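Asker: Below are the chains, spelled out letter by letter.
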Amino acid sequence: MLRFIFRRLLSLLPVLFVVSVVIFSLIHLTPGDPARAILGQNATNEQVAALRESMGLDRPLVEQYLGWVGGVLTGDFGDSYFLRKSVTEAIGDNAVPTIQLAVIAIIVAIVLSVPFGTLAARFRGGRLDRSVMGFTLIGMTVPSFVLALALMVVFGLMLRWLPISGYVNPFEDFAGGIRTLIMPGIALGAITAALITRTTRAAVLDVLNADYIDAARSRGVAEGRLLFSHTLKNASLPVLTIIGLSLGGLVTGAAVTETIFNIPGLGQLLVTSIARRDYPVIQGVILFVTLIYLLTNLLIDLLYGIVDPRVRVGKA
Amino acid sequence: MPTPVTGASGIPRRRRSLRRASAVSAIVASGALVLSGCAASGDGGDAAKDVVNVVTPAQPSTLDPQISTESIMGEITGSIYETLVVTDENLVPQPMLAESFERSDDGLEYTFVLREGVKFHDGSDLTATDVVDSMNRWTRVSIAADGAFDGSEWTEVDDSTVKLTVPTASFLHLLYLSDIGTSYPAIMPSEVIEEFGDEPVQDIVGTGPYTLKEWDADQRIVIEKWDDYQSVDAPSSGRAGAKDAVLNEVVFSFVPDAATRTMGMQSGQYDVTPELPFDGLTQFQEDPNLVLGTYTIGPINLVYSDRAGGPFENVVNRQAVNTALDRDPIMLASVGSEELYDLVHHNMTEPQQAIWDTEVGKAAFNSADTAAAKALLAEGGYAGEPVTLLVTRDYTEAYNAAVVVAEQLKGIGVDVKLEALEWASYFDKYKEGRDEWDLTIIPQGTVTDPTQTVGFLPNRAGYYDTPELHDLLARFRAAPTQDDATLIFDEMQQYIETYRPLTRLGDAHNVYAASKDLELPVFNSHFVWWNASWK
Amino acid sequence: MAPTSPATANTAAPSTTVLAMQPAAGRDSLWRRMLGNTGLMTGLVVIVVIFVVSYVLPPLLQLDPYAVDPANRLAPPSPEHLFGTDNFGRDLFARIVSGASTSLLVGFVVALVSGVLGAIIGIAAVFNSVLDQVLMRICDGLMAIPAILLAVALTAALGPSVTNLVIALTIVYTPGIARLVRSRALAVTSETFVTASTMQGAGMLHLMWRHILPNTLSVLVVQSTFTFAESVITEAAMSFLGAGVPAPQASWGNILYDGKSVLMQAPQMILITSGFLIVTVLALNLIGDGLRDLVDQRSRSLVGKPGVFARMAAVVTPGRFRQEVKR
Amino acid sequence: MTGEPTAPLHFEELTLDIDTPQGTVHAVRGVTLELQRGEILAIVGESGSGKTLTARAALGLLPPRTRTGGRVLLGGADVLQAAPDALRAIRGGEAAMIFQEPSTALNPVFPIGWQLEEGLRAHGVSEPAERRRRTVDMLRAVGIPDPERRLGDYPHQFSGGQKQRIVIAMALALRPSVIIADEPTTALDVTVQAEILELLRECRDEFGASIVLITHNMGVVADLADRVAVMYRGELVELAPVDELFRAPREAYTRQLLAAVPRLGGGRDEPDASPASVSSAASAVPVAPAPTPAPSAATAPAVLLDGVDIEYRSGFGTKPVRAVRGVSLEIARGEVVGLVGESGSGKSTIGRAIGGLETVATGRLEVLGVELRGQSRRRLRALRRRIGFVFQDPAASFNSFMTIEDCVIEPMRIHRVAGGRSTHRARATELLDAVELPGSYASRYPFELSGGQRQRVGLARALALDPELVIADEPTSALDVSVQARVLDIFTSLQRELGFAALFISHDLAVVELLADRVGVLQGGELVELGATEQVLHAPEHPYTQQLIAAVPVPDPEVQRLRRRAEDPGHPLLDAEAIA
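Protein chains in written order, with the working numbering: chain G, 940 to 1255; chain F, 44 to 578; chain L, 21 to 347; chain A, 291 to 870.
Hint data in this document are derived by calculation from the structure and do not stem from the laboratory.
Because the structure is a prediction, the values reported are computed rather than measured.
All C-beta atoms, glycine included, are put in the ideal place defined by N, C-alpha and C.
It is possible that part of the hints are untrue.
From the structure, some residues in chain F lie toward chain L, with a derived Cβ separation under 10 Å [as the list claims (entries may be wrong)]: (1) GLU292; (2) ALA301; (3) GLY323; (4) GLN326; (5) LYS405; (6) ALA445; (7) VAL447; (8) THR509; (9) PRO510; (10) GLU511.
Can you make the complete structure from the sequences, with help from the hints?
Answerer: Below is the structure:
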């Protein structure tokens, strides 16, 4: 088991390498100069050149890349140009809201989607199925920013139930925190909810067609029990997969959602950092998000082993 | 009333993310305006409110008052730092940290006597050394001091007296010393200057009635009432006089998305914003909980690239474009309402009219004569080559103007291609890539004097380096009084008309909004936090 | 259904499920099966209509999406301006119609190019393990980076233009398709008919072209349809972050971007445009789902009564479809 | 109530219609059938005859969109009209079911103990200790060793036979009066099949259950059934006691069905003269180089295996699994060699190795005189031109995107046989003709053909380039008996005519006997016996071969009864006392 995890962790390295190269080269190819951004618009070209030199931005790209990667390997992601703190600190501060948001979005998604997906599969072709599927199509279709604006107008402005924007850490003020996170959570989780609903439905349908369901039925097991004890465990594999995959989407969506709801998360940090060419932060955040995504999917692979006895990771 | 307006120098207002520059500068009505209204008990009516929530688009990149040109910096540090002199409500310079000051008859020497018993936030006393160090640093690092204070020197006379010597007499000196917009001569402890040198300071230590309590990067800056503040014993007037702070805290929140800010104001989540989206004006006019106001933020300029071989290397083609443009539709699209723009034929803004005015160029201004423009184009040898109009989407007013300008130029047969970039790329190209564009539309801040405008600023597009120009600038800077300077302004404007380095499209106004329950004085483009209170 | 083919006379599959017993599908039934799939046909009709409208209406009605009229900005819908005007006083109807062609073009080209590239990469990966490792690690890396952010970074690096937007989105979506094609191709490679072909001495190219590609085509087409839909949304989201189709060219994304700041004054900008966006993406999703049903053998047996399109077709061409409708 | 109260299960004019988008399938048409107490009733028929649906109707387990007619009386109540609760009480309590594929009948993600208990729980056994006790008893009764320990194990940890035992244990758990056994041994090897059949017999003998046995295997019928119902296209064709049916079938269809069953010991099949023929000499298509079919003239044997070991490696760093050990075998030109063995014996691996799909670890493997070890890919491809392959699953061995003609032409295209497309097509028509398929089938797609037709196309494809060697891997095991007979006929006559050497791989001894000159028996990767067909099958020397032959049920009830008596297990496999 440990060996398996170790091997899997090792296999992440090439992926991270690719990501680091892509990100690094993309950022440095982008026009716009962090030195100029730092110094402001009135700086003379000499000042800018001097700062570039002291930041090491005048060195060859390969050298800069190696320097950065060397730092990363020793746990040093560098310092932000603008935030007056290290990238590690910045990520630490901003990861908390993003993770909370993602967790809430996933909870919203699962709470909505698993029961409805299961019921839709059970009553395939029926009215419930059709309306659930209709809703999922709409959920997949409405862009998250449109949904976010609609939620803000309705719940923030018209009903005034929830604050329009901002962020309160639920660990410091639970009620307040949930109040600030619930709208972004829904806006972010809608697409995931739709996806999981559809996956659940398809997976449950698959299971319902399996022989062992007929076998259990032939033993007189009640339909409701068939549905929720037999199928859910079997169907949880594809659902887990899709949850793992949508985590990437959640962080992506967070860039838009966090900007709209003004939540100090990684997405917003990234967007502002791109705008002001804060290279170390951009690189660090994307690498971090990628790592989280990969680790989540590794975790889900491990969960497979728990859910499905056939997947014995020790021997995989 | 003549209103010498302070603000950023002739540089683009900085907006969006770190470079938001929405100086509340120059109120429409008069020097001072107190926002007030009937208590319409909004939903922010908590008991014993002594906190105000301000929402602005982005945080300043630094709070160093001598270096930063971002007006949000001025908004925040205006009650943290103090200067030797400030203007009262009649825009007359009054002493602040100085007990008194005087100018020598030849205008080459100024003497400032410091006020007794003034302390910094860190508890140390204000000394003449602090002042000299601060002022000398300001002379070096501030863009505002650039030019006008060349060759000047600050010296310590005794423990409580400092002296400024200048090479030539100029009306500009006191103007800039009492300016509290951006990169202003704030006084800070010598230790801080020693530590940071000419780099932006990170220890925000001043002498003002508020101290920096918290800076949560990209989220909020909180300033807090400083209980040990030693107020001037004089009635409060403008920025001068007594500062008896009432509000305990002012929280500046940074919300990048305009729609979110707007809704936040509407829902009462925030109390004040120095900047609503332009179209917010009509929308909020009916809102019973808010008081609105507008102020000039500065011109939107069309600047010509001087790239060799480009169509606008030839001044005739530049004049053709200037002749063709119909500014009203452009500005209407730009700011969305007739109430939110002025058309001014010279390089300064309308509120500055009393000081900076000229008849030069007035007659031919905004002719919108397409026939004449086409003729000029023919004369200039423009043969339909493609023209790139560079603009950034991060400033809607500039971008909106550009869309209409492009349409109008197509109308006279110019093959315009709009290139809209995000700010960082745009600015890089604007400064460094002048051979990659032909026209650009850039929003700029109000300036204190004409030398800060496009055409007179070196290292920018539109700066045609000739002896004639050098001579003109030197003479202007040496004008001992405002009247002398005003005379030379005619010549400067004639220079613009002849060389046409830019076409001014119009001056945009910003809309600010505040809760009706808030007593919030605004003076000379800035909220006066120490006189603000909840009703 | 076509008259029972001789094949059904002694259908003898190893399984005794119902599927084995049902009459085998006739070859010419694809079109009819499409007609029977109401969702698919609805989607197709919607997309075709939007496509045609976006290319035919502007020249026909002389719609100019660029004509500004600032004095008349943010006007509500009226007979003159069907959907009102935008913040430049441009006719919103013209903008949306012309934006449709941009958005659909972007989506279509991205779907097409990433589909082709994905197929090439996915299939090539199956045949060479070294290539497989290299390509898949690159795909993993690109997929691990959040899509919108990667697209935003790419367009920032490449500079704003529709072409670059298409390139960026293609880079974002190709890895996913490549991965999918690869896994499908892997499954196909282990199918007996591939072994059969190998045993006959078939070479790599023959296997790829004749066996693997046709059998991955179904997933490829389905996934490309979804990529089409995704691209349309992503373009909008990118415009929302200020990195989509460069203005003043109209795209749904940048109409939404403009509309956001005048949400309260001219809600129709957001409402109508998102309406179109949603309908389009919905239609594309319906097409994708429909195609999936069409290629998925399992779901064939479970389709219910003939849908509205099959009935319509039966009315138009009674002879061909009689049997189907009789039931 | 008109049903006879004595019969535990009674079908009355049962009609089942299933709606599909392609039309309504009349799956079962008016079947009336009665299961006597303590009886084993076999329902036989080809795929699609409706036998499974009929039996499943007894439990109300019908596919969606099925319209029913008639009645199914189980213990006096009509299953088709029963309320859900009543239906649940019937299922498992009154009647239970045993499935064809034990590995899919068990939920892979739950331990078997849990699954066994589930049925008990559903029928109101609420005491956990009691459930556990009964579960353990059942498992012990069906012969799962050490049941207490294995309750927590998952299905994949059991062998196929054990899984089927567990499924039977589940069926017996509530001691139902009726057991529906749907092809209970089809997925199992013959030796395991014999054990399961014995177990089923004891279900009846010891538990007094009546059994409906659905099967297509006449040997199983002869072994187990008391009465036989023959179904064809949804209708009951004949119903008779088992001896009577085998001795004197009344209906033509039944006779046809029985005639098609290959019988072990029946000797070599002498096929009728083939109505069509294909020969390279007579062919209009010059397929060069024309092989010399004469077996004696060949210089090198078609296949030569000498001490061959074949290993599988499942992944990096794992220990290789040896699938074939030290096999030596020679196939002469024009000779047909049969290879038999149970699953996992390595018979298919040998076939694949001859085709160059597996690499030989040690030993010598020569095909048509070419040593395969270390052969270049190009030489291998050239060699494959001279080998034809027929695969087990005709449905999977065709690309559904290619027409029949394309499939047959494919080898010619691959090897760029001269003549161009029109010549290829002519040859394809000729080949289809040879396997007795009309030329009009050329433009059809594989899925439009029946299994037997597809397998004939498979044969045509294998012969397209006039191979010197044909490897047929279980070519008929997926087919119904009547279809199988036809395919085997064609194969035999073509082999005679074209004279290719053949390796015929099968698990069915009777089939091999029909065609092979010599037979090899594989056990666990080793060739335990090799010799002339008659000798190996009639006078086997190796104990494994003897065991194998003994395990095959003979499709003749009387003979089978005698054989069973001779073996006599002596003690019942099923210990009913333990379960009481």
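Asker: Now, for every hint given, state plainly whether the structure supports it.
Answerer: Verification of the supplied hints:
Because the smallest distance between the Cβ of GLU292(F) and any Cβ of chain L comes to about 30 Å, over 10 Å, the interface hint for this residue is violated. The interface hint given for ALA301(F) holds, since its Cβ lies 5 Å from the closest Cβ of chain L, which is under the 10 Å cut-off. A least Cβ separation of about 8 Å between GLY323(F) and chain L falls short of the 10 Å threshold, and the interface hint therefore holds. Checking GLN326(F) against chain L by beta carbon gives a least distance of about 5 Å; that is within 10 Å, so the hint holds.
The beta carbon of LYS405(F) comes no nearer than 24 Å to any beta carbon in chain L, farther than 10 Å, and the hint placing it at the interface is violated. Of the supplied interface hints, the one on ALA445(F) holds, with its beta-carbon coming within about 9 Å of a beta-carbon of chain L, less than 10 Å. Here the hint on VAL447(F) is kept, as its CB sits about 5 Å from the closest CB of chain L, short of 10 Å. Violation of the interface hint for THR509(F) is found here, the shortest Cβ-Cβ separation to chain L being roughly 35 Å, above the 10 Å cut-off.
Restraint check, PRO510(F) versus chain L: the minimum CB separation of about 40 Å is more than 10 Å; hint violated. Here the hint on GLU511(F) is broken, as its CB sits about 38 Å from the closest CB of chain L, past 10 Å.
The earlier numbered hints that this structure contradicts are 1, 5, 8, 9 and 10.
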